[in-house]
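Asker: Assemble the whole structure, with the sequences as input and the hints as a guide.
Protein chains: 2
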Amino acid sequence: MESGAGAASTPRALPYFVASSQLLGLTVVAMTGAWLGLYRGGIAWEGALQFNVHPLCMVIGLVFLQGDALLVYRVFRNEAKRTTKVLHGLLHVFAFVIALVGLVAVFDYHKKEGYADLYSLHSWCGILVFALYFVQWTVGFSFFLFPGASFSLRSRYRPQHVFFGATIFLLSVGTALLGLKEALLFKLGADYSKFEPEGVLANTLGLLLVCFGVLVLYILTPAEWKRPPQAEEQALSMDFKTLTEGDSPSSQ
Amino acid sequence: MESGAGAASTPRALPYFVASSQLLGLTVVAMTGAWLGLYRGGIAWEGALQFNVHPLCMVIGLVFLQGDALLVYRVFRNEAKRTTKVLHGLLHVFAFVIALVGLVAVFDYHKKEGYADLYSLHSWCGILVFALYFVQWTVGFSFFLFPGASFSLRSRYRPQHVFFGATIFLLSVGTALLGLKEALLFKLGADYSKFEPEGVLANTLGLLLVCFGVLVLYILTPAEWKRPPQAEEQALSMDFKTLTEGDSPSSQ
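Just so you know, the sequences run in chain order A and B.
The first sequence: position 53 = 53 (full-length UniProt numbering), numbered continuously.
The second sequence: position 150 = 150 (full-length UniProt numbering), numbered continuously.
Any given hint might turn out to be false.
No distinction is drawn between identical chains; accordingly, a pair holds when it is met within one copy or between any pair of copies.
[As the list claims (entries may be wrong)] Pairs of lysine to any residue, SDA-like flavour, derived with a Cα cap of 25 Å:
(1) Lys194 - Tyr109
(2) Lys187 - Gly114
(3) Lys226 - Ser155
(4) Lys111 - Leu188
(5) Lys226 - Leu153
(6) Lys194 - His110
(7) Lys112 - Ala190
(8) Lys187 - Ala116
(9) Lys194 - Gln50
(10) Lys194 - Gly47
(11) Lys187 - Leu49
(12) Lys85 - Trp137
(13) Lys194 - Tyr119
(14) Lys111 - Val200
(15) Lys194 - Ala116
(16) Lys111 - Tyr39
(17) Lys194 - Ile127
(18) Lys226 - Phe164
(19) Lys81 - Phe134
(20) Lys81 - Phe151
(21) Lys85 - Ala223
(22) Lys226 - Gln160
(23) Lys85 - Val75
(24) Lys111 - Phe195
(25) Lys81 - Gln22
It should be emphasised that the hints constitute simulated quantities derived from the structure, not laboratory data.
Answerer: Here it is, written out as structure tokens:
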């Protein structure tokens, strides 16, 4: 393993990539608002407009905020690890609560209008994402923020947490695309094929959602962009490493 | 960097994950065939059934074979690197050709039936995936199989190739889900919400596609599951590293 520098400098290209991701994320949120405002009558908690709360909340919570929560460890590189962790956990809480409002909105709307629930691929993927997100947050909290878990347990769980974090985020983006497609086909029907302005706007929104997902994943990938351990964390980690390796030589 | 062993042993869990991925991939292909056979009248190059060539080819080519091409370096760990590379490139060629047949099928079908092309989010994502796949293969071939590229150029391009390879694969899975959703909504319409058997089967197929994508990504992720360099490759790489690092100290 390469030796990590203490208070490390930020890799040169990273700020540009992070800035682009924020610009793209805000564009996606604004464009979702524009789509709902221009072609779907805007947003309200009552009547037919209640449905529109769903896509807006999901894009803000499960796409934009979830994506930003993943980027916290790349952006805050020299802050204390605990502060960064708390911010990561809090952003996920905000994302989850906003997504929950979006979920309540669509179920409530379906109930009032007498529509069936959970029959479509979008809804199946959505419920899967939501359940996985809740489990991931709860398990993450108990391992990394709750003081009980041992260092070796944390080290073994960390790669799983990172993998499933990225996976749930990508699934969220995919589910958003399925929902967008469903909304377009239900309303436009055969007119979708006539390149209606709403269809073109929503397709563009779909491609931008994909770009945001790919950009966040791209920022998460390079090893040299990962948050370097601070000097004191590194000393601690070496102590624990020696301890745990000495502790159980036959463990897998 | 950890020192890689020469002829390395296979990590204990890897074969089980690879076997599960193959089982899942074949299930996805079989289920696509079953869906088309049971509810869409089967497959033919003439008439209305020509459309059905499209989903089957895409699932075989851009999902199953593309996924397997990514796994080649995890499965063939002790074979010569060149052999593994050629297999990786060849599997991608097969995937590309099969996908091309799927693409021709749908454009030909649209033309015969007088349907519009490239208006939906599925088609936009599909064309994007197809173009990226072609560019990725061509650039990959020129860097890694064509003998011209220097060692340092290959090393710098490799992480990009790996990242975009995984991204294009995930985009392919996402595009397949969008297509499945489109096919369901066009045919079932309001009956989709009545839990028609076709809808339930296709939703399940959608979830299995997601599982296959996640499983392939999971196998690609752990550093210790990556193909270790063979003894002679490592010696060569050290020589080149010294050479190239000494060669251009001021390069980025």
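Asker: Would you mind marking each hint as holding or not holding in the structure?
Answerer: Quick rundown of the hints versus the structure:
Taking identical chains as interchangeable, the C-alpha atoms of Lys194 and Tyr109 lie at most 25 Å apart only when they sit on different chains, with a minimum of 18 Å there against 29 Å within one chain. When the C-alpha separation of Lys187 and Gly114 is checked against a cutoff of 25 Å, the pair qualifies both within a copy, at 18 Å, and between copies, at 22 Å. When the C-alpha separation of Lys226 and Ser155 is checked against a cutoff of 25 Å, the pair qualifies both within a copy, at 16 Å, and between copies, at 20 Å. With identical chains, the CA atoms of Lys111 and Leu188 are at most 25 Å apart both within one copy (23 Å) and between copies (22 Å).
Within a single copy, Lys226 and Leu153 get their C-alpha atoms as close as 21 Å, and across copies as close as 23 Å, so both meet the 25 Å cut-off. For a Cα distance limit of 25 Å, the shortest separation of Lys194 from His110 across copies, 14 Å, qualifies, whereas the shortest one inside one copy, 29 Å, does not. For the homomeric pair Lys112 and Ala190, the shortest alpha-carbon distance between copies (18 Å) is at most 25 Å, but the shortest distance inside one copy (27 Å) is not. For a Cα distance limit of 25 Å, the shortest separation of Lys187 from Ala116 qualifies both inside one copy, at 17 Å, and across copies, at 18 Å.
When the C-alpha separation of Lys194 and Gln50 is checked against a cutoff of 25 Å, the pair qualifies only between copies, where the shortest distance is 23 Å, while the shortest distance within a copy is 28 Å. Taking identical chains as interchangeable, the C-alpha atoms of Lys194 and Gly47 lie at most 25 Å apart only when they sit on different chains, with a minimum of 24 Å there against 29 Å within one chain. Within a single copy, Lys187 and Leu49 get their C-alpha atoms as close as 14 Å, which meets the 25 Å cut-off; across copies the closest is 27 Å, which misses it. For the homomeric pair Lys85 and Trp137, the shortest alpha-carbon distance inside one copy (12 Å) is at most 25 Å, but the shortest distance between copies (39 Å) is not.
For a Cα distance limit of 25 Å, the shortest separation of Lys194 from Tyr119 across copies, 7 Å, qualifies, whereas the shortest one inside one copy, 28 Å, does not. Proximity of Lys111 and Val200 under a CA criterion of 25 Å is satisfied inter-copy only: 22 Å between copies versus 31 Å inside one chain copy. Taking identical chains as interchangeable, the C-alpha atoms of Lys194 and Ala116 lie at most 25 Å apart only when they sit on different chains, with a minimum of 8 Å there against 29 Å within one chain. Taking identical chains as interchangeable, the C-alpha atoms of Lys111 and Tyr39 lie at most 25 Å apart only when both belong to the same chain, with a minimum of 23 Å there against 31 Å between chains.
In this assembly of identical chains, Lys194 and Ile127 lie within 25 Å of each other by CA distance solely across copies; the values are 18 Å between and 33 Å within a copy. Proximity of Lys226 to Phe164 under the C-alpha cut-off of 25 Å is found in both arrangements, the shortest distances being 17 Å within a copy and 19 Å between copies. Taking the shortest Cα distances, Lys81 and Phe134 sit within 25 Å of each other inside one copy (23 Å), while across copies they are farther apart (42 Å). In the homo-oligomer, the alpha carbons of Lys81 and Phe151 lie at most 25 Å apart inside one protomer (14 Å), although the nearest pairing across protomers, at 38 Å, exceeds that limit.
For the identical chains of this complex, Lys85 and Ala223 are neighbours both inside a copy (19 Å) and across copies (24 Å), given an alpha-carbon limit of 25 Å. With identical chains, the CA atoms of Lys226 and Gln160 are at most 25 Å apart both within one copy (16 Å) and between copies (17 Å). In this homomeric assembly, Lys85 and Val75 come within 25 Å of each other (Cα to Cα) only inside a single copy, at 12 Å, whereas the closest approach across copies is 36 Å. Taking the shortest Cα distances, Lys111 and Phe195 sit within 25 Å of each other only across copies (17 Å), while inside one copy they are farther apart (33 Å).
In this assembly of identical chains, the alpha carbons of Lys81 and Gln22 lie at most 25 Å apart only when taken from the same copy (23 Å versus 40 Å across copies).
In summary, the structure agrees with every hint in the numbered list given earlier.
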